[in-house]
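Read off the chains here:
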Amino acid sequence: MENVSQIAVHANTLAVLSFIFYLLIIILIGVLATKFSSAGISEFFIGGRKMKEFVVALSAVVSGRSSWLMIGVTGIAYIRGASAIWAVAGYIIVELFLFLFLAKRLRRYTEKMDNLTLPDFFESRYKDKSNLLRITSVIIILIFMVAYVSAQFNAGGKAFGASFGLGEFNGVLITALIVLAYTMMGGFLAVSLTDTVQAIFMIIGLLILPIIAIINLGGWSEVLHALSQIDPEVLGSFSIDPFALSVGGIIGFLGIGLGSPGNPHILVRYMSIDDPRALRKSALIGTVWNTLMAWGAIYIGIVGRAYYPVKKLLPNSDPENLYPYLASTHLHPVIFGIIIASIFAAIMSTADSQLLVAASGVIRDIYQKIMVKGKEISQKKLVLLSRVVIILLVIIALILGAIASQLVFWLVLFAWAGLGASFGPTIILSLFWKRTTKQGVMAGLISGTLITIIWNQVHFLKATIYELVPAFIISTLLTIIVSLFTTPPPEASKELEEISARYKR
Amino acid sequence: MNFGAIFGLIIFPLLIILTALILSIVLKEEGE
Numbered sequence: 001m002e003n004v005s006q007i008a009v010h011a012n013t014l015a016v017l018s019f020i021f022y023l024l025i026i027i028l029i030g031v032l033a034t035k036f037s038s039a040g041i042s043e044f045f046i047g048g049r050k051m052k053e054f055v056v057a058l059s060a061v062v063s064g065r066s067s068w069l070m071i072g073v074t075g076i077a078y079i080r081g082a083s084a085i086w087a088v089a090g091y092i093i094v095e096l097f098l099f100l101f102l103a104k105r106l107r108r109y110t111e112k113m114d115n116l117t118l119p120d121f122f123e124s125r126y127k128d129k130s131n132l133l134r135i136t137s138v139i140i141i142l143i144f145m146v147a148y149v150s151a152q153f154n155a156g157g158k159a160f161g162a163s164f165g166l167g168e169f170n171g172v173l174i175t176a177l178i179v180l181a182y183t184m185m186g187g188f189l190a191v192s193l194t195d196t197v198q199a200i201f202m203i204i205g206l207l208i209l210p211i212i213a214i215i216n217l218g219g220w221s222e223v224l225h226a227l228s229q230i231d232p233e234v235l236g237s238f239s240i241d242p243f244a245l246s247v248g249g250i251i252g253f254l255g256i257g258l259g260s261p262g263n264p265h266i267l268v269r270y271m272s273i274d275d276p277r278a279l280r281k282s283a284l285i286g287t288v289w290n291t292l293m294a295w296g297a298i299y300i301g302i303v304g305r306a307y308y309p310v311k312k313l314l315p316n317s318d319p320e321n322l323y324p325y326l327a328s329t330h331l332h333p334v335i336f337g338i339i340i341a342s343i344f345a346a347i348m349s350t351a352d353s354q355l356l357v358a359a360s361g362v363i364r365d366i367y368q369k370i371m372v373k374g375k376e377i378s379q380k381k382l383v384l385l386s387r388v389v390i391i392l393l394v395i396i397a398l399i400l401g402a403i404a405s406q407l408v409f410w411l412v413l414f415a416w417a418g419l420g421a422s423f424g425p426t427i428i429l430s431l432f433w434k435r436t437t438k439q440g441v442m443a444g445l446i447s448g449t450l451i452t453i454i455w456n457q458v459h460f461l462k463a464t465i466y467e468l469v470p471a472f473i474i475s476t477l478l479t480i481i482v483s484l485f486t487t488p489p490p491e492a493s494k495e496l497e498e499i500s501a502r503y504k505r
Numbered sequence: 001m002n003f004g005a006i007f008g009l010i011i012f013p014l015l016i017i018l019t020a021l022i023l024s025i026v027l028k029e030e031g032e
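Respectively, the protein sequence lines represent chains A and B. Going by our numbering, the final residue of the first sequence carries number 505, and the count climbs one at a time with no gaps. Going by our numbering, the final residue of the second sequence carries number 32, and the count climbs one at a time with no gaps.
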């Protein structure tokens with residue numbers, strides 16, 4: 001779910017000012033959250049489990065949506081029309097159920113065991129003293145998260161450079177510095193609160209633009225009329241009937257949703273809520289937000305096609321430029337500034353969460369739990385080291401993006417699916433099936449990652465279906481089969497019983 | 001617009017939100 005295409009739209013002074021106003025809010029939040037996050041690594045990495053349902057809902061939702069939603073989905077809807085609903089429906093429905101069921105169990109278990117990270121969770125769940133689960137999972141997380149962050153900086157840099165005429169290199173640096181500043185200072189609290197602000201910018205952008213664009217064209221019936229006047233040859237695969245897509249295409253699009261339960265930067269949001277019972281409210285808030293943003297993006301793509309029937313009418317002939325271009329031609333400069341801000345909001349709200357998860361992998365999983373295990377390290381020192389690691393990770397992400405952009409592109413191609421197929425089945429089974437074993441989880445983690453990569457690289461396999469779907473299924477099956485032939489940890493059923501919610505009848 | 005389009009662009013998103021609303025009300029825990 002990534003996008004690194006170039007946004008070739010220029011902003012004027014008013015747009016720049018409204019954009020700067022937005023950046024100031026973000027930085028201010030970072031400064032204000034610094035004191036809270038300096039208390040200890042629980043505060044720094046999961047907000048001391050004190051987040052409220054509204055913040056958790058929006059933060060979880062926008063952390064999972066990169067600029068793919070505003071640039072990618074609008075582009076898909078421009079090319080394919082209403083079939084794009086399948087690309088968003090999968091993750092919206094999956095995330096609804098994650099909020100309602102998985103999140104509660106994960107939050108309760110991780111608090112009971114004092115877990116701050118997913119590798120922490122695996123180690124506690126399987127009483128693994130060998131560090132095997134921790135090391136395997138942290139390696140997978142670090143590789144994908146750092147590549148992810150690098151790609152986000154790159155996407156932000158391209159958008160920044162093109163929108164404000166700063167050049168791509170400066171754009172990447174500015175994006176990285178802003179994310180670094182508030183994430184390093186304010187930790188999880190700053191990331192969650194800025195995510196909440198970013199979510200508001202994103203929904204404003206994704207709702208205002210289609211409404212104004214439709215009104216300017218004379219209403220929805222005029223949009224349909226304009227589309228009906230376009231030569232079918234020119235329209236190609238575009239249709240306002242979502243069932244025009246093949247069954248395989250629909251399943252592939254829906255399969256995108258299988259990535260959500262395995263992406264640690266989303267899961268860690270659930271662990272941060274103060275009262276797990278409030279997650280049902282988060283479920284409603286998050287789903288409303290997810291749905292409105294997604295359908296906003298789809299309407300933008302459809303109305304965009306009515307305005308620009310052929311790609312040549314868009315900057316660089318690229319449908320992924322539709323969102324900012326349509327905004328630049330229809331909105332007041334101040335609102336256009338908000339639209340540009342919403343693209344950065346999508347990029348930064350994903351990058352900050354990924355950066356923090358990567359840093360927690362280094363400090364909590366490698367340093368505290370392996371390198372200095374058993375030694376007493378002050379919380380102050382751990383927070384300080386976490387901040388240093390965040391700086392180092394940003395530098396690594398920048399260097400990777402500069403000298404190994406092909407590698408970053410290659411890794412990001414698998415990041416959503418690879419994490420989804422490896423962590424998704426293993427975390428779900430760990431929380432809901434007492435018979436799951438350490439060996440089963442190892443099989444699931446490794447097979448999920450490998451099958452994603454292999455499926456993507458073998459041409460005839462890739463042509464059949466999106467790699468996440470078969471990789472998720474095979475990883476699930478292997479986790480179950482290997483678990484059945486090995487011994488589950490003692491007390492698993494008692495532990496799972498304790499974290500299961502009892503609903504009113 | 002045919003039924004498919006009406007379903008996809010209007011009914012489906014409303015159904016998702018309605019499902020979330022119902023589940024968030026129904027899934028109250030003991031003690032709430």
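One thing to keep in mind: the hints can contain errors.
Said to hold, decoys possible - In silico SDA-like links for lysine to any residue, alpha-carbon gap of 20 Å or less:
1) 311(A) - 281(A)
2) 504(A) - 28(B)
3) 504(A) - 23(B)
4) 52(A) - 29(B)
5) 52(A) - 28(B)
6) 112(A) - 29(B)
7) 281(A) - 18(B)
8) 28(B) - 311(A)
9) 281(A) - 28(B)
10) 281(A) - 5(B)
11) 281(A) - 4(B)
By construction, these hints were calculated from the structure, which means they are not laboratory data.
Outcome of the hint check:
1. 311(A) - 281(A): violated (42 Å)
2. 504(A) - 28(B): holds (6 Å)
3. 504(A) - 23(B): Within the cut-off at roughly 13 Å; holds.
4. 52(A) - 29(B): holds (18 Å)
5. 52(A) - 28(B): Holds - the C-alpha atoms of residue 28(B) and residue 52(A) are around 18 Å apart, at most 20 Å.
6. 112(A) - 29(B): Between residue 112(A) and residue 29(B) the Cα gap is close to 19 Å, so the pair holds against 20 Å.
7. 281(A) - 18(B): Measuring from Cα to Cα gives roughly 13 Å; hence the hint holds.
8. 28(B) - 311(A): Judged against 20 Å, a Cα distance of about 50 Å means the pair is violated.
9. 281(A) - 28(B): Roughly 10 Å separates the two Cα atoms, so the pair holds.
10. 281(A) - 5(B): violated (30 Å)
11. 281(A) - 4(B): Cα-Cα ~31 Å, so violated.
Checked against the numbered hints listed earlier, the structure breaks hints 1, 8, 10 and 11; every other hint is satisfied.
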